[in-house]
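J.: As a plain string of letters, each chain reads:
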Amino acid sequence: MNSDCRRAMDRLELSRQERLAPHLRARLQDHLGDCPACRQEQQDTEPLDLFAGLTRGGLPAGVENYILGGLRVEEERRDDGVWSVASIWPALASLAAAAALVVVWALSGANPVAPGTDLWLEAHAMNDVVATVEDIRSPTAEILALSLPEPSGGRTEIILIVDGSMDL
Amino acid sequence: MTDEARLIAAAGRGDRNAFEKLVSGRQERVFWTAYQVVGHFEDARDVAQHVFIRLWQVLPRYRPGLSFDSWLHRITINLAIDACRRRRARPEVVGSEGSEPVAEPLTASPFQDLRQREVQRIFLRLARRLSPRQRAVFVLKEMNDLKTTEIAKIMKLTPSTVRNHLHQARKELRRGLARDYPEYMPKGSAGKETP
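As you go down the protein sequences, you meet chains Y and L in turn.
Here the first sequence stands for residues 1 to 168, where the numbers follow the numbering used here.
Here the second sequence stands for residues 1001 to 1195, where the numbers follow the numbering used here.
For reference, chain Y alone in the conformation it holds in the complex (with noise of 0.2 Å):
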């Protein structure tokens, strides 16, 4: 696939939707006329209607008392004041000492540099993550989870994501 069919796949979606320049059109169809692999690609993503329905239905019996309970959990949590730095210092300093897990795994060179990865951590406690590390260059496998014991007898579970995203 050269320049012109990456260019050509790229404008075949703003074709479909309608959003193309007449001019920029008419050469997309041209370019189709002449390249054979690109007709097929064409047909090959052509919009798939059949799953258009699956988003659209009634909540599963329970799913909407599940949801509500998790948020009344929530209220009462933030009204008992749990989020103390007490409660959370566990988590973090799990996340410190996964934190520095990775940059001594990265030093031991026990798994390759990927350059320029992202490495995202997040350490998670009650189901919340309560603190994350972001842009630490490193070497990992796409996901590593760590169960971390807590003074207090519990396990924190550190969930490491190359190229996470939890900007919110």
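Keep in mind the hints are simulated off the structure, nothing from the lab.
Remember, predicted model here, so these are calculated numbers, not experimental data.
Treat the hints loosely; a few may be bogus.
Listed next, the in silico EDC-like pairs over lysine to aspartate or glutamate satisfying Cα-Cα at most 20 Å (straight line) [to be verified]: (1) L/K1187 / Y/E41; (2) L/K1021 / Y/E64; (3) L/K1147 / Y/D49; (4) L/K1021 / L/E1042; (5) L/K1171 / Y/D10; (6) L/K1021 / Y/E75; (7) L/K1153 / Y/E46; (8) L/K1147 / Y/E75; (9) L/K1187 / L/E1172; (10) L/K1171 / L/E1183; (11) L/K1171 / L/D1145; (12) L/K1156 / L/D1069; (13) L/K1147 / L/D1069; (14) L/K1187 / Y/E46; (15) L/K1171 / L/D1069.
Derived coverage of chain L by chain Y (criterion: at least 3 residues anywhere in the stretch with Cβ under 8 Å from a Cβ of chain Y; other residues may be distant) [stated by the list, open to error]: (16) 1114-1121; (17) 1128-1135; (18) 1141-1152.
From the three backbone atoms N, C-alpha and C, an ideal C-beta is built for every residue, glycine too.
Place chain L on chain Y using the hints.
T.: Coordinates of chain L only, in the frame set by chain Y:
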């Protein structure tokens, strides 16, 4: 100020009634979008619950710029993609899709329900070959009918990258349909652009 803006402002100040009105009618879309991206009932239920908890937490920080629905889509897709990655990180559940309960969006007629169930199963099976991002783009475009520019804003990708993910997803799903479910292949849809 629109009704929605008033509800957002009130909910952001902690008004639970305003929050419930704001999310009323949006739970279905959030759940089904999460379900189609994650592909597992319990994970999708967790994602949906977490979406609304997250929304409740971050609503005071909401700034118009991205529409409220797009913002909700962003939270849903981010958490759903995150759930996909977590699932892949848990060795004990890899390959357990066959035993998962399948949720089925229902229609008004039993005949259509039957077909919808089958289509749902087909999608879950074929979409396993897609990356989480390809799957998310496909769900937003082909199921939620969003524009590629809107999807690009939601997922913080370039429109060109969105179109590329969409092409790859369609190609893979079409290939799977042709191979395993030829009776479901769309007829007469190819070649519209061909001169």
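J.: Confirm or reject each hint.
T.: Status of each hint after checking the structure:
no.: 1; hint: L/K1187 / Y/E41; verdict: holds, 17 Å
no.: 2; hint: L/K1021 / Y/E64; verdict: holds, 14 Å
no.: 3; hint: L/K1147 / Y/D49; verdict: holds, 15 Å
no.: 4; hint: L/K1021 / L/E1042; verdict: violated, 25 Å
no.: 5; hint: L/K1171 / Y/D10; verdict: holds, 14 Å
no.: 6; hint: L/K1021 / Y/E75; verdict: holds, 17 Å
no.: 7; hint: L/K1153 / Y/E46; verdict: violated, 23 Å
no.: 8; hint: L/K1147 / Y/E75; verdict: violated, 35 Å
no.: 9; hint: L/K1187 / L/E1172; verdict: holds, 17 Å
no.: 10; hint: L/K1171 / L/E1183; verdict: holds, 17 Å
no.: 11; hint: L/K1171 / L/D1145; verdict: holds, 18 Å
no.: 12; hint: L/K1156 / L/D1069; verdict: holds, 15 Å
no.: 13; hint: L/K1147 / L/D1069; verdict: holds, 13 Å
no.: 14; hint: L/K1187 / Y/E46; verdict: holds, 11 Å
no.: 15; hint: L/K1171 / L/D1069; verdict: violated, 28 Å
no.: 16; hint: 1114-1121; verdict: holds (count 3)
no.: 17; hint: 1128-1135; verdict: violated (count 0)
no.: 18; hint: 1141-1152; verdict: holds (count 6)
Of the numbered hints given earlier, the model fails hints 4, 7, 8, 15, 17; all others are met.
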